[in-house]
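Chains as they are written, first to last, in this note's numbering: chain P, 1 to 404; chain S, 1 to 874.
Hints are computed from structural coordinates only; laboratory data are not their basis. Some hints could be false.
[To be verified] What follows is a list of derived Cβ distance ranges for each label pair: (1) S/Ala-862 - P/Pro-145: 50 to 56 angstroms; (2) P/Leu-41 - S/Glu-794: 48 to 54 angstroms; (3) S/Gly-843 - P/Pro-145: 48 to 54 angstroms.
[Stated by the list, open to error] Far from chain S, by Cβ distances over 12 angstroms, these chain P residues were calculated: (4) Val-44; (5) Pro-145; (6) Gly-374.
Here the structure is a predicted model, which means the values were calculated and not measured. For every residue, glycine included, the Cβ atom is placed at its ideal position computed from N, Cα and C.
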Amino acid sequence: MFSLLRKERMWRSHDLRRRYDVVIVGAGVHGLSTAYHLGQLHGVRSVALLDRGYLGGGNSGRNTAILRSNYRTPEGIPFYDASVKLYEQMSEELGWNVMFSQCGHLTLAHSDAGIVGLRVRAENNQLMGVDSRLIDLGEIRRLVPGMDLSDRARYPILAALYHPPGGVIRHDAVVWGYARACDRMGIEIHTDTEVTGIRRNGRKIESVVTNRGEIATETVLNCTAGWATTISDMVSVPLPIVSYPLQACVTQPLKPFLHHVIVSATLHVYVNQTDKGELVIGAEIDPYQSYNMRATLPTLEQMATYTLELFPQLHAIRVLRQWGGICDMTPDFAPIIGCAEEVDRFYMNVGWGTYGFKAAPAAGKFTAEMIATGSTPGIIAPFTPARFRAGKLLGEKAAAAVSH
Amino acid sequence: MSTFDFDGHSVNAEPGDTVGSALYRAGQRVFSRSFKYHRPRGLLCAAGRCPNCLVNVNGVPNMPACVTPAREGMVVRHQNAWPSLETDALSAAQHFDFLMPVGWYYKVFRSLKLWHMVEPHIRAVAGLGEPPGVDEIKGEYEHAWWHAEVAVVGGGSSGMAAALEYAGRGASVVLIDDQPSLGGRARYQSSAADLAAVRERVSNEAGVRVLSRSYCFGLFEGNLLGVLQPNPHGAVKERLIHLRAGHVVVAAGAYETPLVFANNDLPGVMLSTAAQRLIRLHGIKPAATAVVVGGGPRAAGVVADLKNAGVRIAGVVEPAAIRSASGGHCVTGVKTDTGSIPCDLLVICGPLVPDAGLLAQAGAKLVWNQAHGAFLPTGLPPNVSAVGSVCGTGLAGTPANRGGASKRSFVCVCSDVTTADLDGAVREGFDHIETLKRYTTTTMGPCQGRMCQLAAVEICAGLTGRSMDATGVTTSRPPNPPVSLGALAGPRHHPIRRTPMHDEHQQLGAVWLDMGDWKRPRYYRAGSGDETACVRAEYQAVRERVGLIDVSTLGKLILQGRDAGKLLDKVYTHRFSDLKPGRVRYAVICDESGVILDDGTIAALAGDRYFISTTTGNLEFVDQWLRWWLAGTGWDAWLTNMTSGFAAVNLAGPKARETLRKITDCDLSSESFPYMGCREAEVAGVRSLLVRIGFVGETGWEIHCPAEEGPKVWQALMKAGAEFDIRPFGIEAQRLLRLEKKHVIVGVDTDALTTPIDAGMTWVARLDKPDFVGRAALTQASQAPPRESLVGFEMQDDTLPDDGAPVVLGGRPVGRVTSARYSPVRQRTIGMAWVPVDHAAEGSAIAIRSGGRLVQALVKQAAFHDPEGGRLRQ
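Sequences are here, hints too, so could you generate the full structure?
Below, the structure written as structure tokens:
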């Protein structure tokens, strides 16, 4: 209780030092998680986290904060499962409630083909120890009485993949909790610090140039989202990434009636109700590449249309605001984690598309291990940047068709 | 006069009344309970901007009473209070506010277990209005698309002047105003200039179209305004107008916001414009005795309006002298630096905030202007301008917010955020306006920062010692004001596509299957048979006699021009430029990474004319994909989508030739019309394209004819086949027939990473072609063995695994069944599955998980039916 009265700073600001062992570009959840694990597990504390904006102002604060591990492939399932488990421990570990609401996650099927896709996931999940199963209309009705399960819908709901450990988290709380823990270990967070260049000599990195001065370092981690290629371009490391806007919106607060995360790939929409009572609604990525985060009306209209397919009674409920983020998509919808082939100690933890937030604890933990030990843990080995040259793409595209 | 029901009491409403004004006239002072502390709240802005009067109207929650027109028979209910507005049990929460400072929930519940225990209770008390019941019928909404040379947002003096000026220059103008009539603040402030003459001119100006009671909720790229018009006509509840304007003039004015001091949220503390609206728009005397907080001419104008309404003015107090409002349930007085003044209304001349949200959305920067006491828009994009008080005109300084952290000085009335909360948050390091917003939730409630943004920025600047500009404002986002999901969704038309032979199928007892927008027969109900029996009968007809299936849903494109073959060679993996007229070839499209996107057939009708078929679901994609690769090449190739123009059927079976021969003169012998050939000929007197292919593994023809002749051709074939007991067959029989032939269905047997190499269709990728989309990736893929292989399998017992069942090795999923069926020809369950390449050899044993247990199957390389394809070529 006394913690309520303490008014300690969560993180402090610092002058830039002339040198750090590790410079992390991007102080979003991936950069923070990596820095935290570098300090906590490997004792690497001469770390600078640089961000051109405010803390958590990128995709860490723009996503819909859905967590799940009911992926499809033998590579994807254990990775996201590890992440969900780290999220489960996080409040205790950081001494800060990150508000992980394990309300359960339902992915809806509206066609035979949809059921088959969900069955593949359910079966693979069960084989790998993840709680996930196909449920019928009766059970869906018991879980989500407020949803339209009648056959008057154009594409009636036929079945769902139910994933009880899935849910939502307070994304800002995760960022702040990590930031506080990093600060306590002496890791420095530098906001409003934009990286303008990276100097290298042959294969070796010499320094990172910022709007606040130059930092000598031999190790750089690119943890940016939305602009990952612009940072990698600074060391001439090409990335097969294209960037798309993704939009979401939130309604006025209502008394609680929806206690699960609802996802429909057929309807390109996902909905959940926050503890404050608002409905958070997310869309599919926009149909064109762009760095523009300005909201668009057609996407808002689509989100509304599809939400009303699931909850027609909400037609008079009003949308309060709409926002966008930029998603870095890779050809196989899997991230890029590893060291650049062309430059020594230029690490990347990027290309997180629309599924980055749920992966952050595990991605950061294993990325930290890779940086600290110089060898790549097996669980992230499939995500190597070399896979594109080798033509060994991963198989999560089929399970990540909607951006939740 | 009309009456409506409020919490079981009948309330009278005068013409022009809103729910809020009628309730206020009837003596209601408490309109809602606040979000966190359940403090009583009364009318504050009376303009639909603050959260204080949100009520449930006819089952719709969170409606602002102050701007909802009162209608006869309405049912209005309070929200977020139990048992009643006057006595709300949860208002006890405010006595425990010391336990609930900003961010308390982050600090107290520091384990998942604890959080899971308390979260349901926190959820239960959160939220505002009750969600509508599931049976709440659908409201009617519509969408409209308008164009105007000039759109003017705001019908006050500046907006009307701008509209008249542009109209005078001959422009077509749409003037959007959120009030029932034009005039802006002149409607309710006696001190404002009389605008009757200007209003008259606007209404007589033919070039100006006035949209009253309508509001702009967003200014999107390309000067697209989202405009909401309630009750446009008939039963339509709301109309969303997509207004594309050559030029947008924002004349949205400025709105009044509260001052921050202790107990500033008590019912009876009211913005001056709210009091003026009650007096002038609704003829209400808002109180007996009022104190006015403010100075200068603005306060003088308010005092005059109050006096005219018969309100006694107990005092006029400078904002800096205010200490607190007093009172428990409603305001009873005000404490100032010099003493206490009793009153039952405390009128606040609060800071005026330019309503620049639309401009900020369009890219304008908001820059602090000390003289005007406001953030003013600068750097407007082209074709957007602003006039009037939204630019600061007439705004004169701002009264200072009363400093000092207090647990009763509310900055954000939506979420009950106090100055003490902001102070605490800044001290904890949330000193950026964006993190301050997210940590305290200031500006994130129903008012979207309209009431609290300026005060929050001032307080943040004060606490951090930064300037107003360095502190800045949070991003303005649409929709503002909020818009209903129904209006955004519009009429919600969901197309259903039916083939030209739909009625035939209906009569034949079709059981329907949705495939995208299309309705297709899954199978035909015959006799008393169940699905399995019906499908078996359809299957047998095709294998033993003759069957007919409607394939009109296939995408049908005609590509013609000198360079048509060149485009096909570029986009498809196979070569088509050398395809001789009268021949057909299987066709696969891959993306740059070699992944199969679609398949179909391409028939060469002439040297420069091709007929392309696509899968049902991918037509639009293939159409766009071909156009995308054609764009900019300058090639002579023209693509026409003929999908709706043609009906198509597939006639297949050992008796197909004898059936078709009866109604066509075309020579159907294999010598003159071989497998993978095409001919244009008359069928039943209808000019048709005949394509000899065999997806189901029997002699057969795909017959394409003009859509309107589809039923005629269908009927003629059914009649001609009657002698052989012809049967129509549906998707389910087709799935089984093709499975026996191991013919791949894109999207069923392939997924988002399958290349033709993986799928065992190496022959479709003509790597000897100099270039085609996906060539580099497929070249690479062909040099290394694939990791997985698509194989056929036979079950060793009578288990029928579900489609999607995993193939398991060492407890891990290593593949999946794409499709499994009982095969009459093999008399056991067969299927196709993805397996690791070292388990793909003939006879390899694989384990499939079905119903929670592992069952054995053996890999079969050859097709299960007619592996040599002799029947196809007969």
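Against the structure, the hints come out as follows:
1. S/Ala-862 - P/Pro-145: 50 to 56 angstroms: Holds - the Cβ-Cβ distance for S/Ala-862 and P/Pro-145, about 52 angstroms, lies within 50 to 56 angstroms.
2. P/Leu-41 - S/Glu-794: 48 to 54 angstroms: Holds, since P/Leu-41 and S/Glu-794 (Cβ atoms, about 51 angstroms apart) stay within the stated range.
3. S/Gly-843 - P/Pro-145: 48 to 54 angstroms: holds (52 angstroms)
4. Val-44: holds (24 angstroms)
5. Pro-145: violated (7 angstroms)
6. Gly-374: holds (28 angstroms)
In summary, the one numbered hint that this structure violates is 5.
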